[in-house]
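Read top to bottom, the protein sequences are chains U and W. For the first sequence, this note's numbering begins at 42 and goes up steadily by one. For the second sequence, this note's numbering begins at 70 and goes up steadily by one.
To be clear, the hints were calculated from the coordinates, so they are not data collected in a lab. Virtual Cβ for every residue (Gly too), placed ideally from N, Cα, C. One should not assume that every hint holds.
[Said to hold, decoys possible] Selected chain U positions facing chain W (Cβ under 7 angstroms, derived; list incomplete): (1) P111; (2) D122; (3) M171; (4) I174; (5) L188; (6) I189; (7) F276; (8) T299.
[Stated by the list, open to error] Simulated coverage check for chain U against chain W, where a stretch passes if three residues somewhere in it have a Cβ under 8 angstroms from a Cβ of chain W: (9) 83-94; (10) 176-184; (11) 300-314.
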Amino acid sequence: MSAVVEAETAPAVGGVSPGRRALRRYLSNRLAIVGTVIILALLVFCFVGPLLHHTNQTQPDIYADLNAAPGVDGHPLGTDDLGYDVLGRLMVGGQTSITIGLAAGILATVIGTIWGAVAGYVGGWVDVVMMRIVDAGIAIPATFLLLILSTITRPSIQLMILVLGAVSWLVPARLIRAESLSIKTREYVLAVRAVGGSHARTVVRHIVPNTIGTMIVNATFQVADAILLVAYVSFLGMGLQPPQTDWGAMLTRGITYTYSGAWWLIFPAGLCIVLTVCGFNFIGDGLRNVFDVRGRDL
Amino acid sequence: MNAAALTGDAVVAPGADLPGAAGPRPRAGWRTTYRWYLVKRLVQALVVVAIVTVIVFSLLHLAMPDGPGAGILGMQANAQQIDAFNHAHGYDLPVWRQYVNYLGQIARGDLGVSFKLNMPVSAAIAASLPKTLLLAALCMVIALVVALPMGIFQAVRRGRFADYALTALNFVVYSTPSFFLGLIVIIVFAQKLRWVPAIAPGGNVTVLQLLSDPRVLVLPVITGTLGIVATFSRYMRSATLDNLSEDYVRTARSKGTSRGRVIVRHVVRNSLTPVIAMLGYYLPVMFGGMLVVESLFNYPGMGLLFWRSAQQGDYPVLLGCILIIAIATVVGSLLADLLQAALDPRTRGALR
């Protein structure tokens, strides 16, 4: 569909700028538009919402009923098992979930990009060793690793970012390595070497920037996966402790009340996770069309 | 089971990863190449498993720098007892000595003894792994039966409403944490509809006992299946799309072959190979997903064993489980690569 649009407008305008063409390709993916809207709405909800809906999220409302039904005592979504206002908690929890997800996703992409670019560029034994380490990491399911890690320390936001970044850089490393392998044989890389550019300069200034499409698309999917993983971390027993919370921690606490009919303890947090992860995946799918990279499905 | 998300990644075929893929080599006979390749891959597989043990070993040491004594003996134990325990089992040695001892031990095929269960780790795994495999196999078979036709259907209907709707649905399922999916399944099927009870199988049931009362399997299988459907229908869709744009499709169509016949006889057959090979790379994701499903439903497989052992710091069991998974994974990816090379001569070039 975008091809048709371009063909029609190109002669009239006298060429479409690359940025505009990219935007058009992005917008031609309907799911990508939906994803963008979802993420923007959720960001507003989490970060602007607390300004409109004032709640105390550091101390539970000791006068409120625990697990109060929605609508009681001015709690639009009721209260949770500690007496926190669920709607307000959803906003605060969302801030944590999204922050951790973004930071961990970006961290994973950075580690993976450097690792993959170096492995692919250097090649030979270094490459073999570096990639076998990646294979080994992939052979250990993340949930198993997280479960072991959960026995180590008290969870904190910083630790979760580090841990999630550390378990999810492997796939970007593989993708970027494959790309680095093909880029390093291009003329411009040979030219850099010929005029005396160092190896480090070649990797940092020429190989890495040319994988930008793969990086951005992958980073988006990484963020989506990281937000999912944040939820799993709580389920596996490494979740944040009150008064801190995230959507995964809220959902995990809610599991206890599955049979009590207290839907507001489970579904709002669960839906927020699904919406956010879905939103980032949709955006990633749209960006993939823009940058025309393959790599992963979903 | 959001499997892909669990490892933090979707499954990416390490196709470009094959050794020597880049450099030209003198042409040898296919069989010689194949044998050479096999030897190289087996060595690499061993290396990967060794690295896995290093990673897990260092992690466990990080988790329990003073040895597992305190966790195993419990609250009542005093410092002397803990020291005595750690000394008796060699946990007071330097880490590298412990590691070398462990390597020697697994080289003899001995995975050690579980302190909490008071039985050999191999026996504990042998008792629980078949149940995980049963669950995983059921999920996988059912998922593929649904996902493959769905992916083909979506590819054929690309860009139409049905494709969009199914893609969106897949994304939603893929984006749902599997334990949330499990909760929804419990609430819908056990609580509201009351079709099946959300009861957990008893602790020491055998596979046969599980099969004799299949009701306990229904909810875990549904939960596990949904995520795989989302992932594999995506794979199938994109594999089919790739093949649909190939020249041979146009050739067959221009010779007058009907569209349906081209799809069934040519496109589907060619698209199946990479998707089936994906199963090999999918193993760690599968195990990761089963861990969550098993702990949610209290299903007595290896995931639950690992979960309980992690809570109790039962060192040898943790190492043993991960070792088994790592071996399964390297074997799985090796088989996947070989299968692909055997079925699709075009991919053989990468082996040289």
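For each hint, the structure was consulted:
1. P111: With Cβ-Cβ at 17 angstroms, over 7 angstroms, it is violated.
2. D122: violated, 16 angstroms
3. M171: The hint is violated - M171 (chain U) has no Cβ within 7 angstroms of chain W, the shortest such distance being about 11 angstroms.
4. I174: Nearest chain W Cβ about 6 angstroms off; hint holds.
5. L188: holds, 5 angstroms
6. I189: holds, 5 angstroms
7. F276: It holds, given that the least Cβ distance between F276 (chain U) and chain W is near 5 angstroms, below 7 angstroms.
8. T299: holds, 6 angstroms
9. 83-94: Violated - the stretch 83-94 of chain U has 0 residues with a Cβ nearer than 8 angstroms to chain W, which falls short of three.
10. 176-184: holds (count 9)
11. 300-314: With 4 residues closer than 8 angstroms to chain W, the stretch 300-314 of chain U meets the three-residue bar; holds.
Checked against the numbered hints above, the structure violates hints 1, 2, 3, 9; every other hint is satisfied.
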